[in-house]
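*Asks:* Could you put together the complete structure from these sequences and hints?
These protein sequences, in sequence, are chains A and B. Counting in our numbering, the first sequence runs from 1 upward without gaps. Counting in our numbering, the second sequence runs from 304 upward without gaps.
Note that these hints are calculated values from the structure, not bench results. The beta carbon of each residue, even a glycine, is placed where N, CA and C say it ideally should be. Hints may contain errors.
If you want a taste of the chain A side facing chain B, the calculated C-beta under 8 Å gives, among others [said to hold, decoys possible]:
hint: 1; residue: Ile14
hint: 2; residue: Glu39
hint: 3; residue: Leu43
hint: 4; residue: Arg47
hint: 5; residue: Phe72
Protein chains: 2
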Amino acid sequence: MNFEIQILGSGSAIPTKDRSLTAQIITAYKEPYLIDCGEGTQLQMRRFDVKFSKIKHIFISHLHGDHFFGLFGLISTYNLLGRKSTLNIYAHKELEDMLLCENSPLKIDELVFDIKFHHLSDEEKIIYENNNLIVKSFPLNHRIKTCGFLFQQKVRQPNIIKEKITEFNLSIQQILDLKAGKDIEIDNKLFPNNELTNSPPAPKSYAYCSDTAYFENIIPIIQNTDLLFHEATFSEKDAMNAEKTGHSTASDAANIAQKANVKQLLIGHFSTRYPNLNYLLKEAQNIFPNTILTEDGLVIEIS
Amino acid sequence: MNFEIQILGSGSAIPTKDRSLTAQIITAYKEPYLIDCGEGTQLQMRRFDVKFSKIKHIFISHLHGDHFFGLFGLISTYNLLGRKSTLNIYAHKELEDMLLCENSPLKIDELVFDIKFHHLSDEEKIIYENNNLIVKSFPLNHRIKTCGFLFQQKVRQPNIIKEKITEFNLSIQQILDLKAGKDIEIDNKLFPNNELTNSPPAPKSYAYCSDTAYFENIIPIIQNTDLLFHEATFSEKDAMNAEKTGHSTASDAANIAQKANVKQLLIGHFSTRYPNLNYLLKEAQNIFPNTILTEDGLVIEIS
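*Replies:* Laid out in structure tokens, this is it:
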């Protein structure tokens, strides 16, 4: 398991018995990352046995309450549990202003651990990077400033075929050159890289787009993504509501998925008005067949 | 059912799978009142089918997050549902400052309904009253300003025995005098009130004391209460922790119950360190036998 998505909350702004508020865990190379943190996220993490003390990075798409009200309680719990490591929060600047102001719900300066705020901007931008992973934020089109997130595994180095190392008695420099993708010379003969190496698995990617109206600007950014989460608050028959509130219909989500040539589409953030979500699912599948519905607790491995 | 308590969250500051954060519904004469509103309260209300749109009065004991972080989401949901009636919030002034400040998590001035803030003081005080009910707040002893709440049914008027109205052809004035508890004269003969009336049922009462250290000042206020909820975060073997954090042990709660001569004691707000709460229950029952443990969803009718 290198890349896994777990849905903690699949509802929209009003929670129901079955659908909690927006939050997702992305696990990449055993590191969990949290996207959005609606009210009750820490309760859902308990419910689904997420090891939440391991989370070091939290990404908040926008400052509507259903996407961040759970931060207050989660931070309080980290504090009571004596957290030591720095918590990185990627959000619009207003969240830092809220948490650091005199009347903040939390006394940040009394916490036993540090919070580092990273501000989202209105341009596509790499906001986090480690040896294996890049996270980009990019603007969506909602009623307030909102960002989507793209999690991309880095292109891994080619694996050198073990037998070739001994066969050609490869030097460390030759190995490094092969790892860097270069062709190498052995005894004055040029060997193409792919004769001595196996290609690494293709890097995986996950895009998170919520909340947003239909917004074609994101298509080049999420092009060819393995899995796209795109909100589908409404059905096409309520397209007027979607337009008025800066949300998408299931058809909108499917059209984006199709135009961006993603491999799979995951829709969620459903309005409470639809008792039967298969209606939304079929609407999306008519345009983009490889679509599935989110539900609380759902785990999807990108393999 | 005139007076009923429902526990929505029975845990202390760190929620668990089974115990959500503090919140209780008091239903008196079909009107629901909410005491405290920890994170996830609106989710628990959905879970236990509480008609939460009917709540007009919310009482917040103190401003530690596990007692009020759920307010943000609940208010947002009321707003999305188009609430019309004013929401009364009884809390320390700092909550109003938090919600009305520039960097508030909520845009209070954009809500579609009004919120009326009522400030708790550091003296015993009637904070709400209607035809049937009085609610008093009174100071507890915690690390920050904290109030307990006493819900008391009003003493009801005597019921006039129907047959007596026709037998003596009672005038409206005579009926009013009887209702007011007076004896009346009929044909120059004095009739004691209790010959013409039935006594109403004794008024019921419920006291809520959380969070607090052992604090004897509350005893005269909650004297003879039918049901006392008293926090019991710790066991007596962790009394040092209780003292350090301004909390009570199960023994503390039971001693208060005994000295205040209440009819029944309900303990809750348990630290997560106790895997078996029967240990706390027995500790309390050794001092005050009529003690029960809270659990999420528990309903107790005071009859």
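*Asks:* Is the shortest C-beta separation between phenylalanine 72 of chain A and chain B less than 8 Å?
*Replies:* 5 Å, holds
*Asks:* Does the CB of arginine 47 of chain A sit less than 8 Å away from some CB of chain B?
*Replies:* With a closest approach of 6 Å, the arginine 47 of chain A hint holds.
*Asks:* Going by Cβ atoms only, is glutamate 39 of chain A closer than 8 Å to chain B?
*Replies:* 4 Å, holds
*Asks:* Taking 8 Å as the limit, does the beta-carbon of leucine 43 of chain A come near enough to a beta-carbon in chain B?
*Replies:* Hint holds; leucine 43 of chain A Cβ to chain B Cβ min 5 Å, cut 8 Å.
*Asks:* Taking 8 Å as the limit, does the beta-carbon of isoleucine 14 of chain A come near enough to a beta-carbon in chain B?
*Replies:* Because about 5 Å separates isoleucine 14 of chain A from the closest Cβ in chain B, which is inside the 8 Å limit, the hint holds.
Taken one by one, the earlier hints all hold for this structure without exception.
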